[in-house]
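Visitor: What follows is each chain in one-letter form.
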Amino acid sequence: MAETVVRAVGLEKRYGLRTVLRDVSFELEPAGALVVTGPNGAGKSTLLRLIGGLAAPSRGSLEVRTERRKVGFLGHEPLVYRELTALENLDLYGRLYRVLERRERIGMLLERFGLWEARHQRISSYSRGMTQRLALCRALLHEPDLVVLDEPHSSLDDEGLTLLDTELGSLAAAGKTLVVATHDPARVASLATARIDLGRA
Amino acid sequence: MSITRPSLSALAALAVALAAASVLLTFFIAPEDADQGLSQKIFYVHVPIALTAYACFGLGAWKALRLLLTRGERYDLESYTGIHQGTIFGALTLVTGSIWAKASWGVWWTWSSNQLVLFLVLFLFYCAYFMLRFSIEPGPQRERISAVYALFGVALIPVSFFAIRLASDFIHPTVFTREGPQMTGSMFAAFCASWAAITLLAYVMYRTELAGKRTDVNLRELREALAR
Amino acid sequence: MTAYLGDVAALARKDLRLELRARDTLPAMALFVVATLVVFHFALPGGASEDAAYGLLWVALVFTALLGLGRAWAPESEAGALDGLVLATSDRSAIWLGKALATLAFLVAAEVVALPAFALFFAPLDGPALLGVLLASVGICAVGSLVSAMAAAARGREVLLPLLFLPLAIPLVVGGVGSSISPEPGAYLAFLGLYDAVFAILSWAAFEYVVTE
Numbered sequence: 001m002a003e004t005v006v007r008a009v010g011l012e013k014r015y016g017l018r019t020v021l022r023d024v025s026f027e028l029e030p031a032g033a034l035v036v037t038g039p040n041g042a043g044k045s046t047l048l049r050l051i052g053g054l055a056a057p058s059r060g061s062l063e064v065r066t067e068r069r070k071v072g073f074l075g076h077e078p079l080v081y082r083e084l085t086a087l088e089n090l091d092l093y094g095r096l097y098r099v100l101e102r103r104e105r106i107g108m109l110l111e112r113f114g115l116w117e118a119r120h121q122r123i124s125s126y127s128r129g130m131t132q133r134l135a136l137c138r139a140l141l142h143e144p145d146l147v148v149l150d151e152p153h154s155s156l157d158d159e160g161l162t163l164l165d166t167e168l169g170s171l172a173a174a175g176k177t178l179v180v181a182t183h184d185p186a187r188v189a190s191l192a193t194a195r196i197d198l199g200r201a
Numbered sequence: 001m002s003i004t005r006p007s008l009s010a011l012a013a014l015a016v017a018l019a020a021a022s023v024l025l026t027f028f029i030a031p032e033d034a035d036q037g038l039s040q041k042i043f044y045v046h047v048p049i050a051l052t053a054y055a056c057f058g059l060g061a062w063k064a065l066r067l068l069l070t071r072g073e074r075y076d077l078e079s080y081t082g083i084h085q086g087t088i089f090g091a092l093t094l095v096t097g098s099i100w101a102k103a104s105w106g107v108w109w110t111w112s113s114n115q116l117v118l119f120l121v122l123f124l125f126y127c128a129y130f131m132l133r134f135s136i137e138p139g140p141q142r143e144r145i146s147a148v149y150a151l152f153g154v155a156l157i158p159v160s161f162f163a164i165r166l167a168s169d170f171i172h173p174t175v176f177t178r179e180g181p182q183m184t185g186s187m188f189a190a191f192c193a194s195w196a197a198i199t200l201l202a203y204v205m206y207r208t209e210l211a212g213k214r215t216d217v218n219l220r221e222l223r224e225a226l227a228r
Numbered sequence: 001m002t003a004y005l006g007d008v009a010a011l012a013r014k015d016l017r018l019e020l021r022a023r024d025t026l027p028a029m030a031l032f033v034v035a036t037l038v039v040f041h042f043a044l045p046g047g048a049s050e051d052a053a054y055g056l057l058w059v060a061l062v063f064t065a066l067l068g069l070g071r072a073w074a075p076e077s078e079a080g081a082l083d084g085l086v087l088a089t090s091d092r093s094a095i096w097l098g099k100a101l102a103t104l105a106f107l108v109a110a111e112v113v114a115l116p117a118f119a120l121f122f123a124p125l126d127g128p129a130l131l132g133v134l135l136a137s138v139g140i141c142a143v144g145s146l147v148s149a150m151a152a153a154a155r156g157r158e159v160l161l162p163l164l165f166l167p168l169a170i171p172l173v174v175g176g177v178g179s180s181i182s183p184e185p186g187a188y189l190a191f192l193g194l195y196d197a198v199f200a201i202l203s204w205a206a207f208e209y210v211v212t213e
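Chains as they are written, first to last, in my numbering: chain A, 1 to 201; chain B, 1 to 228; chain C, 1 to 213.
One or more hints might be untrue.
If we take Cβ atoms under 7 Å as the criterion, some of the chain B residues that face chain A in the derived model are [what the hints assert, rightly or not]: (1) R66; (2) P138; (3) G139; (4) E224.
Just so you know, these hints were derived from the structure itself, not from any lab.
Note that the Cβ used here is the ideal one computed from N, Cα and C, for glycine as well.
For reference, chain A alone in the conformation it holds in the complex:
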């Protein structure tokens, strides 16, 4: 059997005395998709930050076999510079991630997510939906093997939602491993190979 991409055993995350995650365990196979559900404040974002490498667990073990810079992360915030243009943002990240054929890849992503026309506009002039699409471009820019998405459908309009669903399908078909936190599990039900619900106490 192929090695698991992500293995969590008894994960716990505390901030001071506040315990956000308690005894979370799961395994994620390569090319699998983990769907994380739960009410607000249940710790979905915290779990995704742990998997994405932005935080370390307080207790328990978390193994992520993908190297850090092959992980794509979409958080609650878009992680961009508002006063730079879409092109400039992606160019910066492209350099940092050492993306090969950076210009072409950026152009392709912007076009795929319908942002090509707005590429020279600053993010401060973008709508929330456009910003979310740009954040997706940023998350996928470096062709990550593990894609961690925190409520990717939020703020998107119908067109954006369609684009996103298409993209998720493509990623799954290409054998990428996915972790998706969502309020709308039905949307990603067809992709899911594993589920975690953080709602239970």
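Using the hints, position chains B and C against chain A.
Guide: Same frame as chain A, now just chains B and C:
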């Protein structure tokens, strides 16, 4: 606690005994200073306190380094307690130094005492440590940032020392001379007794405060566990 | 190594570009330092020594730097970009170095305004004095960028930053004033170099721990 570690109460008793011995030595055995008279006796308290403060800051920085390198949970509280003790002893250094200045030279403060000025700068620095620590939400980030700041502190100590030495060139050199005492045997004995007493006292205070803080944390964790 | 420097350059360029667009920090710093110098003229009693004026120059520079440092990490805080950089960079110290270099550029630009103004209002500045300003500026930006990142993680960061920065800036002020007024500035310049070396290396090594968990 392992069996080989002496109990805290035993150490405290020893500290008291040493303190009594050092008082005896200081006032009854060590000779009175020709220039400064009785007020020079403050030296036996002031210098050990200053040295102890440095030691505490060093301990805090060492624990901070351990925290950053090993991520061990215990080091955060240990580093914090070390810095806290260091700040207390630093404040005492300033106070005893000020008393000594008043007794010797008639002023409560002088910029020509390099040691005093250094402690003032360090005191400001370490007070800011607490402001920093309590402005950040508890958690790993707070631990790491506190640890980095503690490490900057020990780097600042020698750098500030040199700076103040250099600064004394253009801050008006004053008539106050700073004597480095040539110590006779009995003076040395008194000094060592005092130093030992104060160091031991600092250690006892450190262990006590640390135990108190840990108990605090355990208590709150228990409360939280029961509430679930 | 070249990849690392490439990262640093890209990050510093980003900050310069942002400032060129917003044009708020740099003009504020330049205006602030000149205004401060004018205040000092009125604050100094008549007949005050020239040496006192040099002291005040350094006060002005330190507080102008604080103004810039307070805003240094603002673009990263806005939309969580700091997390993005932490994820994307192979060596997080590049984030610090890029930021420190950009902040240095802004500080030097403010000094290009401040120093002639000072020479005009108060007293001349010779070679060692200018070198002292440059060396101290490096130290200010190295330490300041790190400490500013710490403050950015905290509540009340505008108040916290001066508290964290000023004790660390004291040796720089000593070195800077000394290089301006001492007949033998060599020792002071060497000291500034020492400070820069020690604290730049410390900041470079420690930054990773400040921005990651």
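Visitor: List, from low to high, the hint numbers that the structure doesn't satisfy.
Guide: Hint 1 contradicted; others consistent.
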